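Using the sequences plus the hints, can you model the full thing?
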Amino acid sequence: MTIAFKSWMANEGPKHFIMMVWVGVNVFLFWRTFMLYYSRPQYFYLHEMLGLGLCISRASASVLNLNCSLVLLPMCRSVLTSLRGSQRVTSRQVRRLLDKSKIFHVTCGITICVFSVIHVSAHLMNMVNFSMRYSEDFPELNVAQYKGQDPRILILSTVPGVTGVLLVIVLCLMFTASSYSIRMSSYEIFWYTHNLFIVFYLILMLHVVGGTLKYQLNVESHPPGCIHTNLSSHSLTNHRAAGETESRGVCREEARFQTHFPQTWLWVSAPLCLYCAERLYRYIRSTAEPVTIISVVIHPCEVLEVRMLKSGFKPRPGQYILLNCPSVSSFENHPFTLTACPTGKNATFGIHLRVLGDWTSRFSHLLLTQSNSSEILPMMQQRTYPTVHVDGPFGSPSEEVFNYEVSLCVAGGIGVTPFACVLQALFEDWHQYKLKRLYFVWVCRDLQSFYWFADLLCGLHERLWHNNLPDYLNVQLYLSDSQGLQNIGDERYRFLSSRLRIGRPKWKLLFQEIGRANQHKRVGVFCCGPKGISKALHTLCNSNPHSGIAFEFNKESFS
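In this text, residue positions in the sequence shown follow the numbering used here: the first is 2, and each later residue adds one.
In case anyone wonders, no lab produced these hints; they're calculated from the structure. All values derive from a computational prediction rather than experimental measurement. All the given hints hold, so there is nothing to weed out.
DSSO-like, lysine-lysine: derived pairs with alpha carbons at most 27 Å apart: (1) 435 x 101; (2) 103 x 315; (3) 315 x 556; (4) 346 x 311; (5) 148 x 215; (6) 509 x 437; (7) 346 x 315.
So this is what it looks like as structure tokens:
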């Protein structure tokens with residue numbers, strides 16, 4: 002039970018820590034602001050007019066200010082990559098927290114949506130109260146022009162009302178287009194709607210300019226509840242009839258009110274400036290040095306390998322880039338894991354992309370000739386490749402593969418790309434890494450997919466074998482669809498044929514095998530593939546029954 006709890010904490014701890022801390026911060030901020038507007042005498046008259054709608058709207062606004070200021074920070078990829086790369090500054094646990102930056106971004110986004118609903122609901126109550134509780138005694142507090150004015154007209158006749166409606170529309174578009182189904186089926190919709198955040202922040206700055214809510218300035222000379230001699234005759238008669246003039250007193254100074262000083266820009270300006278500066282830096286970095294496409298290789302199953310060259314580009318194995326092709330779309334940047342990093346012998350870097358979707362289809366059409374056969378198109382031929390810009394590199398969980406003595410890498414289909422660069426780095430020099438044993442599991446539907454990195458796998462196995470390290474690399478290939486060929490016929494890949502199995506992996510048996518062979522070790526589990534595989538591995542890592550061994554789950558995610 003203790004081992005299982007430690008495994009659960011190692012895998013779920015960072016995520017739940019972020020969630021719990023952030024929920025606590027937001028609840029505390031909401032309650033503190035609520036009580037501030039409920040108890041402060043400066044808001045006595047406004048509270049009498051609006052009731053709890055005032056407290057709820059202001060409390061939710063403070064939570065929205067905080068989340069709108071921090072939702073951009075997890076998207077500062079260069080800053081996070083710099084922190085990740087500082088091995089002396091950040092421990093492994095801190096780096097695992099940085100890997101959860103997307104979770105923090107999503108958490109802030111959901112919080113914004115939830116409290117936006119609360120904020121809008123509270124202000125709808127406020128508009129009704131402004132209409133029904135029109136004050137003749139304190140006209141400065143009124144938003145309505147007369148008692149009983151239609152609240153819908155109030156919303157559309159004020160700056161906060163109009164900008165609020167626009168903010169709700171933009172937020173709905175961004176939220177709905179962020180769903181997993183839309184991101185997977187049409188990444189372009191997600192990309193363009195998410196970039197509406199620029200419009201969102203511009204409108205947000207205007208939203209607070211209206212000055213709808215006001216607070217009292219002269220609380221000492223006009224205590225809340227005192228009766229002023231200039232009150233309307235109807236109100237004064239009511240107070241005298243109730244005998245309140247003696248108990249509450251009559252003040253001689255008229256109450257003065259002032260609109261709130263806009264605070265949203267104080268919350269948002271610093272993170273927004275940081276994000277804009279980071280984006281500007283990334284734009285200059287991606288366009289300053291030209292990227293030269295060296296070659297394009299056509300692989301089976303509609304996969305292209307693109308080899309490129311860029312001066313001063315120094316990525317680490319496991320990192321990814323954002324690729325932009327102006328001939329396809331000037332604004333779209335798509336993430337691709339590096340499958341080859343520059344080395345002392347070869348200065349090029351490469352990616353493997355699967356032709357799936359509009360962007361990759363148009364991009365592949367620009368890269369390829371009309372030939373259908375697998376070929377390398379060298380630069381010596383008079384072939385003009387499209388202009389591309391490379392933004393990055395950026396850190397990912399796969400960088401941590403080398404920081405464990407034992408690692409398990411599980412790939413599903415094209416999800417093998419994060420681990421291809423890891424295998425390439427081991428092929429170049431495995432001595433410099435802490436890693437002592439690597440379990441590599443690759444699941445594919447099509448037998449031809451294994452040819453993408455067949456040369457690399459066989460070459461690494463042969464090199465380790467000649468260096469008397471037969472147990473360093475454990476390769477297991479699974480063909481989930483048994484139709485068609487069931488063996489890799491090429492004699493060059495005899496090693497892969499011996500590792501090929503039909504069906505799906507038995508994950509529990511695999512974990513038991515790793516547990517028996519690596520007692521008293523911490524095993525890094527890395528996954529890039531379908532949700533089913535990821536969920537199964539995550540569950541096994543959390544419910545680890547083996548004493549003396551811990552499995553730490555790491556998942557690649559770029560969407």
